[in-house]
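Novice: Put together the whole structure using the sequences plus the hints.
Okay, so the sequence shown: first residue is 1 according to the UniProt record's numbering, each after it adds one.
FYI, nobody ran anything at the bench for these hints, they're computed from the structure.
Be careful, since some hints might not be right.
[As the list claims (entries may be wrong)] In silico EDC-like links for lysine to aspartate or glutamate, alpha-carbon gap of 20 Å or less:
no.	residue 1	residue 2
1	Lys-167	Glu-215
2	Lys-205	Glu-169
3	Lys-208	Asp-235
4	Lys-237	Asp-248
5	Lys-287	Asp-324
6	Lys-237	Asp-145
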Amino acid sequence: MVLEQSKKCRKCAKTFKKESRKKAHSIRCQLTPAVKAERFRTPSPLAPEQRTCGYCKKQCVSRNALFQHLKKCTLAAEGRLKGDKPDPVQRTRPDPIRSTKPPQIREAGPLATANADNSPISSFTHMRVNARAAPDSEPVEVCMDPGTGRTLIGRPFLQTLEHSIEKREAKVKGVGGRAVNITEWATFKVYLEGFDKEGHPTLMKFTKGAWVVEELEPNVLFGNDFLHAYAANTDHKTSTITFQNLDDFCVDFIAQANSKACTRRVTTVKKTTILPGQSGYIPVQYKPLPPGRSFMLNSRHAAAAHAVVNTKSPAVMFVNNTTDGVLVIPKHFHVGSITEATDSGYLALSEAMIAGMMAKSPKTESSLNREFDVPAIRAYNITEVPSKQPSDRYDYINDMTDNEILAELAAEDENMAFEVTEEEDGTVWAEMQRPKTTEKQSTLGIKTSGDLPEKVTDRGIHIYAKDPGLVRKIEKLIDDHPAL
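Specialist: Below, the structure is given as structure tokens:
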């Protein structure tokens, strides 16, 4: 049998079957001391529950100690119990009417954007997240855009989703205030890739309405009508978007994309013939370079030098024939390639430097001039080089020098390019066999003048003269009349 609480005496706690009997009893009922002690107990101040902090559960020695502890209890100041998660930090703003202090001025500094502005290979895009038309379909990129009011969706991507379309009219404004008339409103279903607050992979299904546009590069622009409704918080440190109204469902986003590195194919403009010992510049052609940075011109020909180039650099390459034969570079020859300059410095090695690194060379009788082993920035920029163009050639000396060394080399290898002759008296001497080549006229337009000192100006003009004063006059004439 279930008795109602209203049929119970409030004084002695006796229950009755009828309300009338309870009323008659309550008139003459007296509250007994036993019932009074049971119902209205006064706990002892020394009881553990009477001297324990209700916030941090700390047990004090007395009630007075408990009250002293409550003044210093951090959980009591925050108004939360032990074990509860702390609430997000609430930033309180002072009342602008009551505040009399002027706002403080602080400078963020260039650290936040310096790397992005100075890096030529990186750029920022919209916040891209992965979405799916179905749980088993391939992911596609969509955009979370806080700068958009209403969500927009492209028609090509809409055709892949489960959707419905109704006729509406609206105008969407973009950059420059241009308005586009829109007449269709679509309701679609899409899945976003993410993970729950415990880190488990999750596909969250959304049903959303959006205006339909014909072409939209990011497929969908989820605007503030979507982000604000689900209390989306964007964290750029972890590159995640947390939807607080969806039990902290998180999605990863990417807002930075690396562009393709700049590469160019460098080819010759015309056929070039280079005689032994000659050096100069040959015209080349390649697609224009992007402004604002330097690039590395890597040579693919043994006679051509590496260089650092930019948009202001002339379309030429420095060549130097350090061989004993005539070099012919055909027209439209792939002489080099231009790539991104990602290193802090470069060093151009001449053919003479490479020959000097070899263990043994048949050209033992030649002395190597290594003046060209300088940073390549001085080799390419004809108009900005303050000193003379470095030369790289062999200065041959007397054939009879170092006869003993030449004889030893010839004895070690009979296939070397030396003709060893032994006289009747036992004297051994060697003579280097130079290759026989047909005489060809150089197309560089440079004619050597014997053993005269050579100087190359900043404009690539070769000057042969013994008198230094005459050289200075010629240089001044070239500077005063650059058209010559």
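Novice: Next step is simple, just say for each hint if it's right about the structure.
Specialist: Hint-by-hint comparison with the structure:
no. : hint              : in the structure
1   : Lys-167 - Glu-215 : holds, 18 Å
2   : Lys-205 - Glu-169 : violated, 27 Å
3   : Lys-208 - Asp-235 : violated, 24 Å
4   : Lys-237 - Asp-248 : holds, 17 Å
5   : Lys-287 - Asp-324 : violated, 34 Å
6   : Lys-237 - Asp-145 : holds, 18 Å
Figure legend: structure checked against the earlier numbered hints; hints not met, in rising order: 2, 3 and 5.
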